[in-house]
Amino acid sequence: MASIKLENVQKAFGNVIAVDHLDLHIKDGEFFTFLGPSGCGKTTTLRMIAGFYYPTKGLVRFGEKDMTRVPPEKRNTGMVFQNYALFPHMTVFENVAFGLKVRKIPVNEVKTRVQDVLHKVRLEKYTDRQVSQLSGGQQQRVALARALVIEPQILLLDEPLSNLDAKLRDEMRSEILRLQQEYKITTIYVTHDQAEALSMSDRIAVFNFGECHQVGTPTEIYNTPTNDFVARFIGEINLLSIKVDRADEEKVHVSLLDGSEHFVVHNHPFHIALEGKKEQLALSIRPEAIKVLDNYMKGPNIFKGTIMDVEFFGSVINLNVKINKLVLQVNLLNDHRSSNFKEGTDVYVQLPEDQIRIIPMVSGDVT
Amino acid sequence: MMKNRDNRLTLLLLIPVILVLIAYVLYPSLRTFFESLQKDGSITFGNYQDFFTQASKTNLEALWNSVYISLLSVLASALIGIPLAFVFNRYDFPGRSFFSTAAIMPIVLPSLVGVMAFMFLYGETGLVPNAIKDLFGLEKVPFKIGGISGILVVHAYTMYVYFYMTVSSAIHKIDPSLEEAAYNLGASKSKVFWKVTFPLLTPAIVAASLLVFMISMASFSAPFLLAGGFRVLSLQIYFSKINGDMEIAATQSVILSIVSISFLLFMRWYQNRKDYRMASKGIGAHRSEVKNPFIKWTMVMIGMVGVIILLLPHFTILLLSLVPDGTWTWQTYPTIFNFENYRLLFEDPNILKPLKNSLLLSVIATAGNLVFGVLTSYLLVKRKFVGKSLVDILVMIPWALPATVIGMNLVFAFNEPSIFTFGNILVGTFWILPLAYFIRHIPLIVRSTNAVLEQLDDSIEEASRSLGAKWFYTFRKVILPIIMPGVLSGTLLAFVESVGEFPTSVLLYTISNRPISIEIMNQLRMANMGQAAAYGMIQIVIIAVVLFISNKFFGVKAEQSLS
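Protein chains in written order, with UniProt numbering: chain A, 1 to 367; chain B, 1 to 563.
Some clues are possibly wrong.
Facing chain B, according to a computed beta carbon distance under 10 Å, are these residues of chain A, among others [said to hold, decoys possible]:
id, residue
1, Tyr54
2, Ala143
3, Met172
4, Lys342
5, Asp346
Label pairs and their calculated CB-CB ranges [stated by the list, open to error]:
id, chain 1, residue 1, chain 2, residue 2, range
6, A, Asn83, B, Ile511, 54 to 64 Å
7, A, Leu59, B, Ile258, 54 to 64 Å
8, A, Gly63, B, Leu480, 31 to 41 Å
9, B, Ser169, A, Glu236, 44 to 54 Å
10, B, Ile258, A, Ser363, 49 to 59 Å
Quick caveat, the hints were computed from the structure, so don't treat them as lab data. Source: prediction; values computed, not measured. Every residue gets a Cβ at the ideal spot worked out from N, C-alpha and C, and that includes glycine.
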């Protein structure tokens with residue numbers, strides 16, 4: 001068990017910089033997720049921790065120990081690969097025992113430890129099967145068992161659920177969490193699936209184009225994204241390009257770029273995220289934070305609009321509401337009232353001051 | 001750049017590979033080229049000038065004949081192989097799978113033995129022409145093969161298999177829905193064939209054509225036994241060497257190599273130019289059952305006749321091997337059959353010697369091939385290093401060079417002491433033949449190992465290392481066991497080819513290490529057909545058994561372990 005520190009890490013492949021300016025501190029026993037679209041550098045970072053790549057610049061530490069140049073076989077990390085990488089010529093037992101045999105553990109102990117871990121992943125009945133005879137979910141458990149049995153300092157999981165179907169994925173998600181808590185092992189989990197990241201992690205690092213955009217707990221990432229990339233990558237969001245008209249101690253007044261539609265936002269770090277001065281800004285609000293009013297009310301951020309279309313998902317209803325030139329997405333829980341909304345109905349919508357967040361735009365224009 | 005440890009390992013593995021390639025592939029080739037520039041003690045292009053301007057035009061004629069006969073071989077092989085591939089892959093009729101297996105039987109016939117069988121079957125005193133003569137009471141034999149027709153018939157028989165196999169696999173890969181789409185759009189049967197099916201098959205046909213062309217350019221056994229006065233370049237090299245005209249032999253070798261290599265380059269260029277990989281997946285073979293009983297039974301009949309023709313050479317060798325030498329002299333047909341030849345083979349140590357030699361030489365060469373091939377292939381597929389394409393080219397050179405040229409290269413390189421042989425002269429020793437077989441089969445093993453290694457995901461090796469295993473442990477316990485079935489099937493093929501190898505053997509053998517094929521040649525010269533055929537039969541049996549084993553055990557297993 002160990003904490004992991006990445007200090008100003010850069011990785012270049014020829015001229016292509018895959019990861020740059022990366023500083024991360026992953027705490028002992030933490031379930032830490034690298035989240036991002038494909039090609040964002042998350043797997044590259046994981047492989048630097050595993051030792052398959054060495055950083056072009058910077059340091060990798062486990063605890064206080066410098067591991068930057070240590071070969072993978074000396075790192076004592078347990079890795080679960082996306083395709084599981086089970087040894088096809090070995091049985092389940094032989095696969096799991098492999099790491100122990102390499103460590104020259106006595107035969108008896110190998111046996112008990114393998115049986116123990118296979119019991120924990122609920123595969124004790126499959127000990128002598130060839131791995132090709134197992135289902136995808138079972139192969140996944142073998143891969144987990146093989147990584148855990150060596151009692152690694154760190155468990156590395158590279159998109160482990162991406163080859164499973166939806167139902168198995170849910171099952172394995174809780175399985176992995178259960179094992180992680182049982183072993184209390186520092187775990188790094190790489191995924192592009194935001195639902196997995198939000199539901200499993202202690203903390204998440206969001207990557208794009210080789211840079212880490214934000215590190216935080218799932219609620220921090222969802223509620224207070226640092227920029228439009230993070231906001232858009234996790235969950236759904238309405239983004240409006242805006243300029244600041246004026247600001248005082250309590251409130252910030254903003255409007256659309258052409259000066260129409262005024263909004264008022266609380267002046268508090270929770271609601272305003274500014275990186276530099278020159279950035280294009282956006283007003284962001286989650287679709288479920290927008291209120292639909294029955295009658296006109298006086299107050300800030302209330303607009304009259306028309307329902308353009310209604311999508312019914314059962315528990316949730318999605319509305320697209322047109323307000324002059326703007327279209328806002330609104331998510332409502334299904335209750336008696338909301339299931340009456342029809343295309344073409346006029347409604348009043350409120351963007352509550354305490355739900356709006358002003359963020360800088362780093363990835364181009366919003367639509 | 002940063003992975004110093006891994007780079008050191010790559011370098012360590014690379015050094016022996018590069019040394020072997022330079023010493024035994026590159027250096028001998030350069031040696032031949034250098035030799036061809038020597039004339040009267042100075043360095044000139046004089047030999048080349050002579051080649052093309054010589055008054056008797058012997059060499060030009062041989063070059064032209066080689067090209068001419070190769071073109072005809074391509075045509076004849078295509079005309080047999082392509083329709084056969086169509087019939088077996090598109091129609092279902094009784095006995096289809098038996099016929100399609102029989103269709104690849106020519107490959108279990110070592111070249112020299114095959115030619116010998118054809119001589120006895122269709123030659124001047126051949127069984128078939130004489131049987132027809134007697135049957136119809138003719139004055140003379142109605143036909144006989146020899147010279148160009150003989151070479152051509154043997155080539156067609158052995159080389160149509162390349163067309164048959166490549167076109168079969170191409171037909172198998174065509175998505176039936178492509179043709180169905182064309183029918184659906186209103187195309188007629190012939191239109192679909194010429195506008196959809198045939199264009200999709202052209203890459204396979206072109207590849208097979210170039211392959212057959214190269215193989216017949218290099219063909220040695222058929223001209224050796226059948227050419228008569230007909231000159232081809234591969235044979236001229238041998239004659240020049242026998243006559244001691246080494247500079248001329250070198251020049252002829254270089255010219256033959258240039259023709260072969262330019263075809264190889266053309267083939268590579270063509271294959272890279274067009275990519276007809278199917279966009280769709282999950283293709284099922286669709287064979288239409290032949291319903292019309294007349295056509296159906298005609299096809300079965302033709303199939304039977306075809307199988308008889310295909311197996312006649314094997315049968316002839318078997319038959320001849322049962323005829324004791326000296327009992328079939330003036331008679332049209334042999335009259336006495338027994339196991340005398342086999343008895344002699346296993347009782348007379350002198351007669352058994354070549355068989356032992358062949359096995360020993362082939363085992364040594366193939367063991368070398370196995371170690372070298374796996375190492376080279378691992379480097380080429382799994383490791384990064386500068387100059388990889390150069391290593392790749394060096395590995396492929398022995399494939400592009402005709403066997404005769406490889407033999408000559410070794411003669412030129414190792415008939416004098418060199419650092420690559422630790423100051424020894426190899427020509428005239430036991431070791432020259434295993435070396436020749438080794439070089440000949442480098443490409444085969446590297447390619448077949450490449451194929452399995454490419455299937456092996458890099459994460460397997462990484463998984464092992466992250467579990468704490470060092471590289472060598474990983475290589476032994478993980479990589480080798482996984483790729484072994486595929487590697488072994490390639491290795492067995494190399495072994496089989498070594499056992500049948502004739503062209504390099506005839507250039508390099510010594511009396512004490514003469515292999516079977518040389519002894520067959522000697523026995524034929526002494527008119528001991530029975531003994532020659534018995535040797536041939538032994539070769540056929542070895543080849544058949546090894547191919548059976550590799551197909552039954554390794555072929556199947558290799559697929560399983562990679563699925």
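Broken hints, numbered, in rising order?
-> 3, 4 and 5
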